[in-house]
Every structure is written in C-alpha cells, then in structure tokens.
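*Asks:* Okay, here's what each chain looks like letter by letter:
2 protein chains.
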Amino acid sequence: MTSEFDAISRLFKKRTPYIHPLTQVGNGDDASVHQVPKDKELVISTDAAVSGVHWPEDMPLDIAGHRAVCAALSDLAAMGAKATWVWIAVMAKDSPSLVKMSTGIVQACHNHQIELAGGDTVSSATNAITVTVAGLVPKSTAMTRGNACPDDEIWLLGNLGLSAMGLEQWFAGKHEGDFVSSFQRITPQLEAGEQLRELGVRCCMDVSDGLLQDANHIAKASNVSLNFVIEKLQSAPSFKKLAHINKDKALKLTLSGGEDYALLFTAPASLHQSLKKLGALNIGDCSEGNSARLFLQGSEIEYNVKGYDHFD
Amino acid sequence: MTSEFDAISRLFKKRTPYIHPLTQVGNGDDASVHQVPKDKELVISTDAAVSGVHWPEDMPLDIAGHRAVCAALSDLAAMGAKATWVWIAVMAKDSPSLVKMSTGIVQACHNHQIELAGGDTVSSATNAITVTVAGLVPKSTAMTRGNACPDDEIWLLGNLGLSAMGLEQWFAGKHEGDFVSSFQRITPQLEAGEQLRELGVRCCMDVSDGLLQDANHIAKASNVSLNFVIEKLQSAPSFKKLAHINKDKALKLTLSGGEDYALLFTAPASLHQSLKKLGALNIGDCSEGNSARLFLQGSEIEYNVKGYDHFD
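Quick note, the sequences are listed as chains B and F, same order.
The first sequence runs 1 to 312 under this note's numbering.
The second sequence runs 1 to 312 under this note's numbering.
Be a bit skeptical, because a hint or two may be false.
For identical chains, the list gives no copy identity; a pair is met inside one copy or between any two copies.
Claimed, not checked - List of simulated lysine-lysine pairs, DSBU-like, C-alpha gap at most 35 Å: (1) Lys-247 x Lys-93; (2) Lys-13 x Lys-220; (3) Lys-93 x Lys-220; (4) Lys-100 x Lys-139.
What the hints contain is simulated information worked out from the structure, not anything from laboratory work.
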C-alpha cells in the first residue's frame, strides 16, 4: 500500500498549490521553512480527530477531513491569529479512505486560503487525522485564557448546542436532520477572532467541550469567576432554534453541548457597544473568584452536568 | 475515560516544565505563541507513528513514544535547524497506553531539551502518535533536497541497515538481539546537522526509507544523479557490523534498510577534509542526471529492490 499512499500524497500536494509569500521551502522536503515578520508572533496548535470518537464511523470521510482542519483553525481564531499554514498527518485504513479524507482537507485549506506546508500519510487500522495549524499575530496581542479581569463582561460570538443536537440526530438515524449540518460543517471564526483582537479583546477561547466546562478554563487561568445569566443565554439565536424542540433540552445543550466552536471572550465594559455591533451577545459578567457560575432571575443556581433538567 | 485522559494530560504538562525563552504563551491555552528572531527562519515538520505499522504491537509503548519524537526531530537535523518546540497528539487505546507513550515522549523532550509547547490526548482504537517539531535556522541557510550540484561529493553521517536488522530480530522473537536497540533507540543527529549547515553544506536529508529510495528524492529535487560506490559503502562501520552475519544481507540492508536516520548529504570537494574530520563517510559523487545509481568496481550495476542478492 505504501507506494499507492505515496501516489495519493503527491496528488494531495498538487491539489494544494497555494504557497504563502513567507514560505521559503514548501511541502515536499524534510520540513518546511518559513519567515516570520519581526513585528509578528507565531501561533501554533495541534488537534487530533479519530473515527468513532470525533466523528461517527458512518459519516462520509471528506466531511471528517474538512471538520478536522476547521476545528484546528478555530484555535487560531480564539487567539486572534491570522491563519497561515497547516501540516496534516492522515492515518488511513485504506486508499479510498485516504482519498476521501484528503478531499475534505484540501477543500478546507482552499476555503480558508491556508498553505498545506507539509504532512504525512500513513496506514492505520483506525482512520484518524491530526492537524497542526500556524498563524501570525502582532506582537503581544494574542488573546489567551489567562487575561480575564474581574470587571470584564462575558461575550459569545457564535452558536451553542446546535452541533450536539446534530450529532444526536445523526446517531438517531436522521441523517438529513435540521441540525446535522451544524455538526458536520465547522466554521472557524477566523475573521471575527482578528476583529476582536483589533478591538482590544485580550481574553478569548473557542467553545469545544461545552460552555460551562470551557469557561472553567478561563476562570482557573485568569483567577476570576465567570457569572453566566441564563436569561441572556436564552436570547441567543441558537437557543431559540433548539427551544423549538424542547426548552429544557435547549438549555442543557447550550450549557454543555460541544463543538460549535463559538468564541467565548471577556472584555471591559468600554467595548460593549463595539462588540454588540459585531454581533456578539453579552451573556454575563466576571467577578472575583475562580469558577464558572450560573444565575437565574438574579439567584445563583447549582449546575450539574447530569442534572440540569430542572432549569427552565 | 475523558476525565482520566485530562488528568494524564495535565501530568504530561507537569513533567515537561522546560519553556523556551522565545515562548510567549506555552502549553495549556488554545494555542502556543512564540517569537522568531528576525535573523532566523522557522523550520517545521509533522510525522505520524502508528502501532503495528511503525512499531511492532508487542513493543513497549514508552519506546514507541520516544522513537516517534526522535524520528520527527531527525527531520530538523536534516534541515540543519536547532530543535526548539514540539507539539504532540497522542491517540491511545486506554489510560495505561497513554501513560506509557507519554513517558517516552517526555523523556525524548527532556533529552533534547525541547519544549513541549502543546498537544492533544484522545482515545482511539489504535495507539498512534503524531509529532510536530519546530526549530530555527539562520535565514536562507536551511539544507534542502533541492540544492545538490553535479560536481558535489556524496556523504553519509550515521548508520545504514542496523535498524532494519534490529526489527527483523524483534519479529524473529530475539527481543534481546544485538541490533534491536538500533531500531528502538533513534538518535536524531541534531548537533551534526547544525555543524554541516555551519560548514556550508546546502543539500541534506535523513535516510528514513532506505538509502537508494531516499537518494532518489534528492536526485529528482536537485536534478542531479547520485552515484554511489559500493566499495565505499562497504567501508561504513554499520556495513561491517552487518557483514559479520552475512555480506549479501549487509549490502541489501545498507542500500534499502530504513529508519537509521543517517544524514545523507552532498557537498563541494572543497569541504572534503572538514567533512572527514566530522566523521562523515564519502560514499560517491554526483553528476548530471536525475537518478540514484550504483557502481561496483567502476561499472554501473542495476539495482532492484527485490533482487540485489547477486551483488557482493
């Protein structure tokens, strides 16, 4: 199979002709070589996606390939970086799997005008894709999890819960369900991430595991509490879509559904109007503390991942 | 299993405390952030290693983890880069597998003083590791496959065939065989790579798939022929070690055995003495053409991967 894989690997390269102007040595050598402008910093992240874990085994593999790249790019969006390069390792059960995964990967690179700067294609008993993405930010401006302040407001840009609902529909055999595309088609918010950084936002992350779980990462890294207001979360368009099905479930999915890749960020009140104009939704406020907290009608309520059906 | 994986992942981070001075945001955020000095270029490569494909399924997983990192670092050695950062995706069947793989990974980072700048730990039906490595080179000095000249001499630094022999011993059940450590313990020639670059070597690669197969990559990229002299290859210490077993086999493994990660490079004759002093072995000369060729007693001989037993 090796030579067949090699052939596809070459095809891969031909289908990703874009080369970034800062690239000195592109795909095809032992490593790629890149310049980094002196006023910029390099931002890098690696993500793995595995068949049967990160996507259902019966989902088309081009969709899996596309998702894997876009999920990784979302990390660059969360840092406010301009996405520039990607390196991919494709682990494939057979040649048809490799071809399908590569098709989605190539599409994602093309859609976001990212250079495929290198990679590895190998055989494996389990289809899997790992994606390393790199981008650039002006020096000392990357948005991190550790920069929230107790006086900040909390904001959301993007959907919550739709992807989890889509996955549920897929597993229930409703492959044409209304929400399935929300799971299958990830849109990394790269432009929005850059806009937030330019506005002066300093603390941001993408919601991949669920709002409250991820918010705890900011709380711990910044040593602040993030106080979410359920009434505000209920005004999110994604909540309203989900509420058509079931209001309890809508809240559950909003608080804990993963993989919508919304941007969760905090900012001083001085940015309130600018952020509203960008389409962001204010969903709470920070305070002294170090945890994610939930408020309904002005009172704090206990949040339990497995037991929040009593909320409305 | 997720929370258990998370716990190990945190452990992972604690066991790799080294942070490179150019790192602005280290392991634990959505992405890591790094400065690149203005006189340097960034060199990056990604490699995948899969259980049952890149290492025998019955080999200890800490060895697999160590190998995966060192194989990736070898790509930086081949470019003449100073290894600086690594990002790892570990796909593990279960927690004990994850712990074992991470132990080897951590050791490799520690041994080579590389910062583990980020990663992902996920569950998978197949144990696998992908490693992205990054290093720095002075501007426009990276050694590539495309820089060989027709007048260059061909050089080798490192062993050929020992790793393939070790793997054969392992599969034969000789887990304590003399050559097994050559397969299990990869030494990326990072210092040597930097020395070659400093000397002015411009064309280099690491031998991962076998000498002649890899030499063809240089031949195609540089549009030169690489003419190997069997008598010179037979003077290599690794050939002599293998010849104790069988001379025919020694040659076969020297020409096509993979994963010793020797550096194969070309250089003008003016560097001959300096390269000898470094311990490199001159194994042939380049010429006009675009293929890897083999010479015995002054005459070219046909090389056939599956049928070279008639050579001596």
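*Asks:* Evaluate each hint against the coordinates.
*Replies:* Going down the list of hints, with the structure as the test:
Taking the closest pair of Cα atoms, Lys-247 and Lys-93 never come within 35 Å of each other, the shortest separation being 42 Å inside a single copy and 37 Å across copies. In the homo-oligomer, the alpha carbons of Lys-13 and Lys-220 lie at most 35 Å apart only across protomers (16 Å), although the nearest pairing inside one protomer, at 42 Å, exceeds that limit. Proximity of Lys-93 to Lys-220 under the C-alpha cut-off of 35 Å is restricted to the inter-copy arrangement: shortest distance 29 Å between copies versus 40 Å within a copy. Neither within a single protomer nor between protomers do Lys-100 and Lys-139 lie at most 35 Å apart by alpha-carbon distance, with minima of 38 Å and 38 Å respectively.
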